[in-house]
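Enquirer: Given next are the chains, with one letter for each unit.
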Amino acid sequence: MTFDGGVRAALGDVQLRGALRHATTLFAEKRRAAMATAPDWEGARDRARAIKDETLLHLDHYLDQFTASAERAGARMHWAQDAGEACEIIGRIAEQRGARTIVKSKSMATEEIHLNAALARRGIEPIETDLGEYIIQLAGETPSHIVAPAIHKTKGQIAALFAEKLGIEPSDDAAALTAAARQALRRRFAEADLGISGVNFAVAETGTILILENEGNARLTTSVPRTHIALMGIEKVIPRFADLEVFLQLLPRSGTGQVLTAYQSLLTGVKQRPDDEGPEELHIVLLDNGRSRMLAAPVTRQALACIRCGACLNACPVYRQIGGHAYGSVYAGPIGAVLTPQLIGIERSAHLPYASSLCGACRDVCPVKIDIPALLLHLRAQVIEQRAGKSRLLERLAFRCYAAVMARPRLYEWTMRVARILRIVPPLPAWTKWRDLRPLAPRSFREEWRRDTV
Amino acid sequence: MTTSARDQTLQSIRENLAASRPLDEMTHALRSAPPLASPGPRPQAPDLTTRFTTQLDAVGAQWTLVRGEVEAARALRRILSDAGARRVAGSDAPLVARLLPERLTRLTRDELFTCDAGVTTAQWGIAETGTLVLESARERSRLASLVPPMHVALLSTSYICASLADALARVDVASHAITLITGPSRTSDIELTLVVGVHGPQVVHILLLEEEAQ
Chain A
9 MTFDGGVRAA LGDVQLRGAL RHATTLFAEK RRAAMATAPD WEGARDRARA IKDETLLHLD
69 HYLDQFTASA ERAGARMHWA QDAGEACEII GRIAEQRGAR TIVKSKSMAT EEIHLNAALA
129 RRGIEPIETD LGEYIIQLAG ETPSHIVAPA IHKTKGQIAA LFAEKLGIEP SDDAAALTAA
189 ARQALRRRFA EADLGISGVN FAVAETGTIL ILENEGNARL TTSVPRTHIA LMGIEKVIPR
249 FADLEVFLQL LPRSGTGQVL TAYQSLLTGV KQRPDDEGPE ELHIVLLDNG RSRMLAAPVT
309 RQALACIRCG ACLNACPVYR QIGGHAYGSV YAGPIGAVLT PQLIGIERSA HLPYASSLCG
369 ACRDVCPVKI DIPALLLHLR AQVIEQRAGK SRLLERLAFR CYAAVMARPR LYEWTMRVAR
429 ILRIVPPLPA WTKWRDLRPL APRSFREEWR RDTV
Chain B
6 MTTSARDQTL QSIRENLAAS RPLDEMTHAL RSAPPLASPG PRPQAPDLTT RFTTQLDAVG
66 AQWTLVRGEV EAARALRRIL SDAGARRVAG SDAPLVARLL PERLTRLTRD ELFTCDAGVT
126 TAQWGIAETG TLVLESARER SRLASLVPPM HVALLSTSYI CASLADALAR VDVASHAITL
186 ITGPSRTSDI ELTLVVGVHG PQVVHILLLE EEAQ
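Going down the list, the sequences are from chains A and B. Residues in the first sequence are numbered from 9 upward in steps of one, following the numbering used here. Residues in the second sequence are numbered from 6 upward in steps of one, following the numbering used here.
Please note that the accuracy of each hint is not assured.
Residues of chain A placed beyond 12 Å of chain B at every Cβ, according to the derived structure [to be verified]:
#1 L67
#2 M85
#3 G140
#4 Q165
#5 R190
#6 T264
#7 A270
#8 Q329
#9 E355
#10 R371
#11 P435
#12 F453
Derived coverage of chain A by chain B (criterion: at least 3 residues anywhere in the stretch with Cβ under 8 Å from a Cβ of chain B; other residues may be distant) [what the hints assert, rightly or not]:
#13 116-125
#14 221-227
#15 241-250
#16 360-370
Hints listed in this document are in silico derivations from the structure and should not be mistaken for laboratory results. Quick caveat, the model's predicted, so the values are computed rather than measured. Think of the CB as a built atom: it goes at the ideal place given N, C-alpha and C, for glycine as much as any other residue.
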């Protein structure tokens, strides 16, 4: 579906817009309340950004250090330059271990590489265990929000889905629906032999990976099966163990409006004693997939500071109306609009830098102060540069005329007078498709001013 | 293949960072400044236990404060029997063994999934957030804190840290798994309605042990 088509469908979907309004408003309120409990919110934001900048400017060094520390603790490291390589590495491990039941906890990186589809081609189907992801998987859809993947679905839709797929009595009770999913998934956890997770932060100093969650499914995924595979973007690394503190202040508060999520798992390699709990093998897959390219300029590099909290989605007036799916990309919302063109190429996502009003709400809520509007403008400039031929010439001509008129007050007045008399409305189809162009007032402000009527 | 993928990724990182250098002049000042150290442990505030239990209430965890192991053993039995827990998985930590010798240990995965409650130790508490910290080096049975519908954690009040930063500075990083637990398992994935007890326990009860006066 085209972006315009997706937007039109979303805007016409009353249920979707109701669900979005409810969810984004509640998230924003909870975020504000949680922010107030932080001892020094602005200081934490600055510190977190400085840590990310420091890491990104020396990313090769910190990745080397992380790799060495994690290997020392018993983890096996894998490097993937693109989505295909990452899927190949994970698929091969799953096949070699003869994995029959694979449980998976929420990970946007696995969505980015379309891991489930790649594993399905090998005849392996991982089971999503985060409740939201499980709902989405049953429905055959994709997540529409970084933090709350099933944000677009109403309770009624989920009840109907569970009735059909799990054979339970339809219920409009969220607790009953959750219990049904718990029951279905516990059996899978009990038999799982491979767990796949994402990573929120990776500590170079100690080789530790940190996973945040609320449900307990990530804890189960990373501790019950014999083998654990963790997929992480190369930008997830931070230098020191103590640095985790500031990110643990920022991420839950920004993401779900919690002071802390229910669980944090800090995993460093594998167990040392056979009678201990935990997987025998930990594989960490480091994914580039376009990230290293983003280091080439400060304006693009800052997007790698993102900690995937989703606050910019909840704050964005565009996302709040159309939801995640209309963007047509794995990462939705403002951060998706700046990440996607850099990850998959601007020619395949030229619409995304324009899916914004540039109001700056995303920048204001971002816990690591990413200047998303600046990045959107940078990407828009790239789109224009790539656009060749007539439309570009016409646009240039139009702006030249505009500049000439605006720079000369008398010419401006004369032009406006003619336009007013002849009732000329400039042909702006792209503008007027979605908006009304108001007719010119009978008299200009300057005329009113001169007549002393203002 | 992975070796070359590693070399090529690192190569790409170095090339792109080098390309960015002329554009980075504005951030050079930042770069030459000493790296921002995260603040260390904050000074210990008095009455950490009260602050901790206030936060436990806020995050929906239950707690009982006891003095000495005899009282603790009695309280533990009462908590479990009030919850109707018959099959109780327990960790092999010495404190759990002393308080509840008849607990089930060395369970298979299937056995653990049928337990009514799990009893473990916690190595640290965090007053600012109402959080328990379990270190694999000293608590091997972390699944007992996760799989059964009820988790009872034993924590000595002398190991309550003021803040998260304080706890991170004190945890044993040699543990291959450190688990932070704040309240019961929860989800809001259905219309952002809070439901407690999705994959983890619905009830988390902290048994706080004060040392007996000598």
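Enquirer: None of the hints should be skipped; say for each whether it holds.
Expert: The hints, checked one at a time:
1. L67: violated (5 Å)
2. M85: violated (8 Å)
3. G140: violated (4 Å)
4. Q165: Check fails; 10 Å does not lie beyond 12 Å.
5. R190: Nearest chain B Cβ is 6 Å from A:R190, so the label is violated.
6. T264: Nearest chain B Cβ is 7 Å from A:T264, so the label is violated.
7. A270: Contrary to the label, A:A270 does not stay out of reach of chain B, its closest Cβ about 5 Å off (not over 12 Å).
8. Q329: It holds; A:Q329 is separated from chain B by about 18 Å at its closest Cβ, greater than 12 Å.
9. E355: holds (20 Å)
10. R371: A:R371 is indeed farther than 12 Å from all Cβ atoms of chain B, at 18 Å.
11. P435: holds (39 Å)
12. F453: holds (40 Å)
13. 116-125: Contact hint for the segment 116-125 of chain A vs chain B: violated, 0 residues under 8 Å.
14. 221-227: This one holds; 5 residues, not fewer than the three required, reach chain B with a Cβ under 8 Å.
15. 241-250: Coverage by chain B holds here, the residue count being 5 at a Cβ distance below 8 Å.
16. 360-370: violated (count 0)
Against the hints set out earlier in the document, violations occur for numbers 1, 2, 3, 4, 5, 6, 7, 13, 16.
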